[in-house]
Structure formats: C-alpha cells, structure tokens
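These protein sequence lines are chains A and B, in that order. The working numbering numbers the first residue of the first sequence as 92 and each following residue consecutively. The working numbering numbers the first residue of the second sequence as 919 and each following residue consecutively.
Because the hints were derived from the structure by calculation, they are not lab data. Be aware that one or more of the hints could be misleading.
On the chain A side, residues computed to face chain B include the following (Cβ under 7 Å) [unchecked claim]:
hint, residue
1, Ala122
2, Leu171
3, Gly175
4, Ser191
5, Ile309
6, Leu360
7, Ile363
8, Trp379
Lysine to aspartate or glutamate pairs mimicking EDC-like chemistry, simulated, CA-CA at most 20 Å apart [stated by the list, open to error]:
hint, chain 1, residue 1, chain 2, residue 2
9, B, Lys1016, B, Asp1101
10, B, Lys1016, A, Asp257
11, A, Lys194, B, Glu1141
Sample of chain B residues with no beta-carbon within 12 Å of chain A, all distances over it, derived [claimed, not checked]:
hint, residue
12, Trp1083
13, Gly1109
14, Ala1121
The model shown is predicted, which means the values in this text are computed figures rather than measured ones. For every residue, glycine included, the Cβ atom is placed at its ideal position computed from N, Cα and C.
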Amino acid sequence: MEYFVHILVITGIYVILTLSLNLVVGYTGLAAIGHAAFSCVGAYASSLLALNYGVSPWLGLLIGACTAAVLGVVVGAPSLRLKGDYLALATLGLGVIVYSVAKNWMAVTRGPMGLPGIPGFSIFGVQISEVWSYLILVAVFVVLTYMVMRRVVESPFGRILRAIRDDEVAALAMGKNVNKYKMLVFVVGAFFAGMAGSLYAHYITFIDPSSFTVMESISILLMVVFGGMGSLKGSFVGAATLVILPELLRFVGMPSSVAAPLRQMIYGLLLIVLMLKRPQGILGTYRWK
Amino acid sequence: MLKQLLLNGAIIGGIYALIALSFTIIYRTVKFFHFAHGVVYAVGAYFAYAVFSCWFLVFSEEGSYLSWIVAVLASVTGAGIVGVLIDRLVYLPLRRHKAPNLVFLIASFGVFIFIQNLLQLIYGAQILTIRTGPVKEGHHILGAVITDTQILILVVSVFLCVALWLFVKKAKLGKAMRAVADDPLAASVVGINPERIILAAFAIGSVLAGAAGILVSLETNIEPTMGMNAILKGIIASIIGGIGSIPGAMLGGLFLGIAENLGIWKISAGWKDCIAFAILIVFLLLRPGGIMGVKTQGERL
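Looking at chain B on its own, in the form it has when it is part of the complex:
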C-alpha cells in the first residue's frame, strides 16, 4: 500500500513539478503570480481533445501514431499562442502603466475566468475523456502497479523538467532569461531586451503547461474547471520549493504530490486540497523561502 501511494505520489508529483516549473519560468521574469497559467494548461488539454475527436470523425480510427503527433503539436502550439496573447493583450499594457503586483494578479483572475467559461461555453460543463485505445492491465513493479500511460507521464515529465533545466543553464536564451530574472535593468544595459525575454518566457512556459495538460488528460478526465486545481497546486509547489527557483519547483512538485498521496492513506481522497493548502500555510509562515531557501524580497513577505 505504501509503495503504491509513493508511486502514485511520484506520478502526480511529476505533473505538479511540470506545472510548477512552467509557472516558475514565467514568474522569474515578470515577478507576479500569473494565475491564468492554469487555464492555459486546460486549453492544452482541450486542444488535444478537439484533435482526437475530429480525427475520429474523419478517419474513424483512434490511437494511431499520426493522430498523436498532430494532437500534441496542436495543443502545445495552441497553449503557447494563448499564453503569449494573454501577455501581449493584458500584461503588456499593465507593465506600461507600471501597475502593482496585485493589479496583475486580479487581471489574471479575470483572464482565468474569461477563458475557463469560454471553454465551458464551447464544450459544455460536462466531463470529457480522450479515447486512447483499449485499457490495458498495469505492470507489477516492486510491489506496486503502474500502467503504460503512467510510465509515459513519468518519463515525459522528468524529461521535460531536465531539458528545461539544461536549457536555462546552458543555452544562450536560457542564460539571458536568468539575467533578466536577476536584474532586468542590468540585463538591458548589456543589450538584452527584457520584453523579448518575457515573451520567450511566456511562450516556453505556456508550451510546457500545454504539455502538462495533455499528460493529465491521458490519465484523468477533462473539464473546464481543471485549470483552477492545477494552478493552485503549481503555485503551492513553487512556493514550498522556493519561489522562482527551478530545482525548487521540481522538488516542490514532487514533495506536494507525495505528501498529498500519503495524506489520503488515512483520510478520504476529498481532503487532498486541504492537505496541500495546510502545507502551503506552514511553509509561508515558517519557511517562506521554501525548501531551497530562496531570498524573498523583504517588503513582500
């Protein structure tokens, strides 16, 4: 039982880590809570659903490799475009006004509500599932059961996390992103255009959120409200890992996933959210820097 819970925790933790990471990439450059990120992730899932259901209508086959490639490409680019549009249409004017953080957060709530209900208007409030062929029995590994889909989720999320980490450490654009995260003014002095970096951050972060959206929709249902839970968990994971830290976001996601799953060992599954927020509040009060102990700006905490 314990092994199974740990494994389930690691799988959901991988997804949380991916969401937290994609959120962190954006947070580092703009320094406000991009709450609407959750709905970008939902958009990713819905794009995948749209491609699969159209594919089924046109070719009446499901689960072919080509449909997979098209669906992944569509939802990843779709999410990326939505994320960039949010930045250009809402956040950019706010940046020009030099709006305070809270204004960004509330505008972000507005974007979130708008897109979530747009999804509901188009697809209805009901729960949808992506059909990916027949259900197969899971593998038994070390006393726990894992399905093919779960292995895929685990592998892809670990791969994306590591790839992003390397990108930020090694690539030229990644280094520029770190420079802007540390000090936008100094970065612009050495010829980095912060606006372009912010654009890149929104594109990369949103693409990753879209990827997380597809991964989740393989395992669970899609519904318009799915983004709320995702972004709340993503933000909690980022804060308990250390806000703005990339390894922190990964550790925080994993920690949160495992903690939630161990928590429901003794109590019913409905209490997951309570556990997550209880952990958040404990961290905010006792260790605001998170696991990685990042320095938080004194004026804000």
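If we strip away everything but chain A, and leave its shape as in the complex, we get:
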C-alpha cells in the first residue's frame, strides 16, 4: 500500500512538470525540450540551501523555483529567437549543459555521488516523513499549479499565447510583443518545473544527476504529447498513465534489468505511434506546425 501511495506522489510531481511544460509546448507552441534542466536546478538549489545553510525546505522550495525561473530568463533570452527544430536543439543543449554541470561541479554538487540526507518538509516543527502526508502535500501543490495554469490559459494572456502558437505573424501584427510573451511563459514554465524538482528532492531525500538526464526531459515531453497538447486535463492523463503503466511491469515480477529498458522501449514506441497516428495526443487540441 505504501508503495502505491509512493507512486501517486511521484505521479503528482510529474503532473506538475507536465502541466508546466504543456503551457510552453502545448499552449504557446514553443518546442522546448529541456524541462528536466529546470527541475534539476530547482532540486539542487533547495537541497544545497537546506544542507549547507539549514534553510527551511519551504523557503528553499520558493528559492529553488525562482532560481529555475532565473535560468529560464538566461536561457530564454538567446534561444527563444530560434524557431521549430532549432529551438528544440538549443533547449536540448541546455539540458545537456545543466546535466553535465551537476555531474562535474564536484565541489558543490558532489557530482555522480549525489546529495544524500536532504531534510524533508516540516510543519510547526514536526517533520513530515510518512508517505501519506507527502501525498497530501503534493496534492496541494498539484491543485495550486492546476489553478494557476487554468487562470493563465483562460485569461487574455492565455489567449495571446494561443495566438502566438497559431499564427505568430498575425499576433505580431496585432501589436503584441511576441518575444516578451514567449519569455514570460518560458519563465513561468521554468518556475513550476523548479518547484517540482525541489518537491522531489525533499521527498526522496537524495538527488543525483541521473534523475535529470535528457531522457527525462523527453519523457516529460512524451507525457505532454500523450495526454494532449494544449489540454490541462490531458496533462493529468498523460503523467498518470505514463508513470503508473510501467509500474505494472514490476508487478508481473520482471527484474529491474529487464523492466527498466522495457519501460523506455514502451515510451519510445508510444512516441512513434503517437506521431504517426495522433500527433496532438489523446485530449489534444493543437497539432505541431
């Protein structure tokens, strides 16, 4: 039972990642494929603050998310000038760079050894350690993220995002500062990814660079595409299906040396089939251009 709850917590964290990437990819049409980089920065920032300076995880969560947002500005400023597959490559590059910084900056991140013993969250001085309490905590953050995203996509701001996605030149002709909006949405996406990363770090209490690889970024993209581009409900469907489904492989008693690559193979096959049959995803409203 505890294991099942653990899977739900992980699902919740992926829902936050998927929702935030959907805002960038599905609603604004920016092919950004480096989402794990932002959650990596958020996770490392708040873990290091907690471990080295005793900063409370709550504050660390906020600082981690803000650090990711700052990285969003730094990365977005040059790369958002690129379009389509070139933007995809540049953001993929960002993913590789952040991963290799986490792996090689031994003095700070301890490289591949990772950071063990990250403190968990506490409420009024009481440490939260049970899985159940984390489920509630993550659920609160998921609801919070969902509400923010809904506000964003239903507001005039969200309408401009869809206008940029559907016809950038027309949006520009309507007097909208397209670059400013792209930048804003990129930063919002990065902020929530950083938050998810920080939640993950304080929940698992251990992080290492291998949780934030390029493959991880592609998995998050798959969740967005599978659930549906430009559909918030789709993000729930996508993240939940793709986190829970591979766990079934473990239930049928497959050793992890077989289950791990098999899970990735299923992901790969799903990406191919989706692109061939339904590129907008199950509940999607937007097709790639």
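Since the structure of chain A is provided, determine the placement of chain B on it from the hints.
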C-alpha cells in the same frame, strides 16, 4: 602538450566529421533532424562486438584478418539495414502525411529511445570492449604520441570523407542526390524519383554511421548510451560547419574535435559537452549559416 591535444582533437574530429557527414547526407534530402542516426551508429558498434565475440567463441582466436573483414561487413550492412528500415517504417508514413519537421524530430527521438533500450535489453547496460590483440606502444611523431589504432582511425575517416565528397560531386547517383537536396520538385520533373534518392541517402548515411561506430569502438568502450553523445556532436558539427554542406560537415567536425580538446587543456575532461554546446549556441545566434555560411531558410531561423 599542445601538440598532443591538437592530435587528439584531430583524431576525435575525424570521427565527428564522419558522423556529421553521414548525418548531412541524410539531412540534405529530407531536411529534418534524423536524431535516431546516433543509435544507428551504436548498432554498428554492437554488430562488430557481436561478430568478434562469436568469432572468439567459435575459433578461439582474436584479431585475425578474416574476423576483421566479417565484422566490418556485418556492422556496416547491419547499420545500413537499420537505417533504411527506420526510414521505411517511420519516416515514409510521416512524409505521406506531410508531417511538420518537429513531428519527424519527436518520432526520431522515439526511434532512438526504442533501439537504444533494445540494445540495453540484449547486451545489458555495462560497458563492453572489443578485443583486438595486445596493446602496443604508440609512435612518437613531432612530439606527440599516436597509436596504430589512432592512425587507422584517422586514415579511414579521412578516406571515407574524401570518397563521399567525390561520390556526391562526380557519380550519377551523387549528382541526383544534390538535385533532390536543392529542389525535390524540379528533380522529379527531370525524372529523378525523390523517394529512391531518399532511400539511397539513408542507406549510404547509415553505412557510414556504422563505419564510424566500428572506428570508435576500436579506441573506446561501447555502451548502449553511446549514440546520444555521437548524434549530438554530429548535429553540432553539421550546424557549426553549415547545415547541409558536405565540406562544412567535415570542417565542423574537425573544428569541434580540436576545440573540445583544447578546451580541456585548462579544465577537466567532463566539461567537453558544455564546450560543444556553448560553441553551438554561439554559432546559432551569431552565424546560423555556420563556417560555410550556407543560406538557412528564413522561416526556420
């Protein structure tokens, strides 16, 4: 030290050039990023490994000339077949749907993940090495050390690059490939079937990727994830050389190899990837046409 770094840079640059070139041959005809090309290269290395290890089991000898010929043939044809199958099974239906570039790229990620993990399922995640006889001491040339294997890598990659360049310039099929690269519609008007040219491009490009895979596995280890690094470097080399340009791909590969190796003169070797991507981003922003200054389609950059 500087000479050694330059030499190491040239050797790895030769491999990058070969990967970039094989990628470019395909890119020119289809105009999207065939990311799964990296895993075709890994397949080449694994085929060579499979032949060598079977050979050792059956004849209990290693490094004989016959085993070499069989291994090279097996991995080159194996890679070629995998590359062509990817095109037929995944890209051809997408072309029929007239799918946008990004859909091709994401489907390509899917193919990449699928085959990489298939390799991992069969061979395990551990690092493998090809045994090619006893280790010999390198030669001292101009103050740098170079081993026999490295000389082989350098010679073969230069030879393949030049051969391909001549093929595209002189041979009838090569000319047809250039025609399709320039304008597929006009090419089909004069009786060239673009689909056949695309097929040929995938076959030639994948064979070359397989060859690069064998060359690398002589010098370093093989692991299922090797394709990612290779394709990233190949794409970076193609872009900094000038996307779609054949001399550009060669220059870009050489430039990238040397730049990476000079970069780690002062900082640790783990930062190579950072250097490569930093160069890519600088080029994308300041000189999107690359060293050769090719014209990029205005709508995409």
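These are the hints, each one checked on the structure:
no. : hint                    : result
1   : Ala122                  : 5 Å, holds
2   : Leu171                  : 11 Å, violated
3   : Gly175                  : 6 Å, holds
4   : Ser191                  : 5 Å, holds
5   : Ile309                  : 5 Å, holds
6   : Leu360                  : 6 Å, holds
7   : Ile363                  : 4 Å, holds
8   : Trp379                  : 5 Å, holds
9   : Lys1016(B) / Asp1101(B) : 16 Å, holds
10  : Lys1016(B) / Asp257(A)  : 18 Å, holds
11  : Lys194(A) / Glu1141(B)  : 19 Å, holds
12  : Trp1083                 : 25 Å, holds
13  : Gly1109                 : 31 Å, holds
14  : Ala1121                 : 21 Å, holds
In this structure, the one hint that does not hold is number 2.
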